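Take the sequences, apply the hints, and build the full model.
Those protein sequences? They're chains A and B, same order as listed.
Numbering-wise, the first sequence is residues 0 to 244 according to numbering that gives the first Met the number 0.
Numbering-wise, the second sequence is residues 0 to 315 according to numbering that gives the first Met the number 0.
Be a bit skeptical, because a hint or two may be false.
[Claimed, not checked] Over the 10 angstroms line for every Cβ pair with chain B, so calculated as not near, a few chain A residues:
1. Asp20
2. Ser43
3. Arg156
[To be verified] Distance condition first, Cα-Cα at most 20 angstroms in a straight line; then the derived SDA-like pairs of lysine to any residue:
4. Lys9(A) to Gln92(A)
5. Lys9(A) to Asp82(A)
6. Lys312(B) to Arg79(A)
7. Lys312(B) to Leu83(A)
No wet-lab data here; the hints were simulated from the structure.
All values derive from a computational prediction rather than experimental measurement.
Ideal Cβ positions, reconstructed from N, Cα and C, are used throughout, including at glycine.
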Amino acid sequence: MNDRLAGHVKFDNVGLRYGTDPEVLSNLSFTLYPGSFYFLTGASGAGKTSLLKLLYLAQRPSRGAIRMFGQDLITMPRERLPDLRRRLGVVFQNFRLVPHLTAFDNVALPLRLAGADEKRVVKAVAEMLDWVGLTHRAHAIPATLSGGEQQRVAIARAVIARPQMLIADEPTGNVDPEMALKLLRLFEALNNRVGTTVVVATHDVHLLKKVPDSLIMRLNKGQLSDPTGALRYPPRPAASSEIGA
Amino acid sequence: MNTPPPPLSDAPEPDNAADLAAPARNRAAARLLPATRFAGPIPWVIAILIALVVIAAAGGLALKNLATSASADLSAAVTVQVIEPNPDLRAARGADAVRVLTAIDGVRAVRLVPEAELVALLEPWLGEGAASGDVPIPALIDVELSRSAAPDDVARIAAALEQTVPGARVDAQSDWLQPVYRALSALQWLALGLIALVALATAAAVWLAARNAFAGARDTVEIIHLLGATDRQISAVFLRTVLREAAFGAVVGAGLGMAAVLLLGQQFAALDSGLTSGGGFGLAEWLVIAAVPLVGVLIALLTARITIALALKDML
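In structure tokens, the structure reads:
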């Protein structure tokens with residue numbers, strides 16, 4: 000079965016606990032389809048970051064099954080995970096830029112790790128820095144960048160390799176509304192023109208209305224609200240819908 | 000490996016791309032991890048350990064050569080003592096013994112040690128009394144066989160002498176040196192043990208240093224790990240540092256060790272002793288000593304590789 004039919008990601012009855020603590024995520028079952036745009040919402044402590052960690056392969060679930068790009072994550076040996084990670088773009092909540100590298104080198108990291116030709120790296124990074132308005136800060140290291148600039152570098156790094164799925168944790172939290180909208184348009188462009196599946200965790204309810212064709216995943220105390228079943232059986236092509244409102 | 004997808008736009012390369020690329024062309028700036036160094040003294044600890052191994056290896060090889068040389072010199076030698084208090088009779092019986100020995104099959108050379116030579120040998124212990132004739136000195140005959148003296152050969156020579164020179168005492172010279180050989184062998188094992196212990200100490204030092212270096216760079220490692228870096232890519236970054244630092248320590252250590260070995264060699268050569276002259280080095284020994292720093296660097300790399308691999312296994 001190809002990705003289009005099977006979905007990029009399929010969670011089946013997934014639970015996650017840290018150590019012997021109670022589960023922070025329980026009974027998650029949903030499918031993320033290629034080319035769809037998802038917002039992940041929920042109160043602080045609802046489990047958004049934990050769910051994103053499962054999505055960007057920083058964590059294995061305590062129970063249940065996850066398939067990503069047609070592969071079983073539960074049984075997959077860790078040696079094969081880097082290939083899968085290179086198909087993802089991640090904007091971490093606290094940016095997680097490499098502190099000793101310049102903005103340019105941080106953005107270039109995914110391409111260099113994938114072994115891309117340096118000429119291509121230079122062209123793509125220059126274009127991306129121009130896009131996020133940081134060309135003049137290309138040689139700056141993260142410690143000398145403002146919070147908003149660091150966030151834009153993190154976003155540029157996440158999208159530079161045109162990932163199949165973009166996962167962003169509060170990507171617009173530190174930028175002004177104008178830049179937030181511009182970044183959201185970048186995500187939309189990736190979604191529409193490259194077919195990247197986008198998952199954005201956010202508290203900003205205004206943001207949800209900016210992408211009309213998005214689906215909304217609402218987490219509450221580690222459980223996904225899906226009263227209409229649209230996450231398990233989403234309409235195709237992706238249609239505007241709010242789940243669990 | 001995934002080929003990066005095409006750029007988002009078809010726009011031409013920005014005019015200032017070359018300027019932006021300046022850091023990328025600078026390998027130092029584009030390093031995945033900061034230029035982590037081992038905790039300060041580690042290269043020097045490696046240097047000291049390598050120097051100790053070089054000295055221990057040189058000592059062990061010298062002892063081996065010395066034992067081999069002494070064994071080769073003495074293995075075919077047999078000593079015959081004719082014990083006779085009467086000096087005139089002793090000379091006659093000594094001559095009889097030489098005649099009998101010369102006729103034995105397998106004897107290459109026979110030499111009756113002159114009395115003056117015997118007196119000179121004994122004088123340091125017996126003083127002038129050795130020459131006075133008050134102390135009876137046996138007639139001593141050096142016999143060289145055409146092969147190593149086996150117990151059968153000693154018994155055959157004793158039997159041949161029994162009729163003509165009854166009471167003559169026959170000894171293989173190598174028998175006298177058995178305790179010396181055993182001591183030399185023990186010293187060689189000691190050198191080997193010392194080398195093994197120092198190799199372990201080197202591995203332990205590198206293990207600690209690699210763990211510290213990894214812990215110091217853990218945040219960065221986690222980031223690039225989540226961006227798709229393989230264990231091999233991450234290890235390679237650390238191994239480059241280990242290689243540089245260990246190579247520095249190995250070169251310095253080998254230099255110090257070899258200087259010490261050469262100095263000791265000169266001191267022993269000045270003794271002009273038959274025993275120590277057998278401990279000299281040929282090309283093979285120098286090659287073994289030259290291999291010590293290389294093996295040290297390999298141990299450091301292997302240890303670091305295992306340490307980093309185990310640390311990475313803790314990450315998904």
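Right, here's what the structure says about each hint:
1. Asp20: At about 18 angstroms from chain B, Asp20(A) clears the 10 angstroms cut-off, so the statement holds.
2. Ser43: Per Cβ check, Ser43(A) is outside 10 angstroms of chain B; nearest 23 angstroms; holds.
3. Arg156: Arg156(A) is in fact no farther than 10 angstroms from some Cβ atom of chain B, at 8 angstroms.
4. Lys9(A) to Gln92(A): 23 angstroms, violated
5. Lys9(A) to Asp82(A): OK: Lys9(A) and Asp82(A) at ~18 angstroms, within 20 angstroms.
6. Lys312(B) to Arg79(A): Holds - the C-alpha atoms of Arg79(A) and Lys312(B) are around 13 angstroms apart, at most 20 angstroms.
7. Lys312(B) to Leu83(A): 17 angstroms, holds
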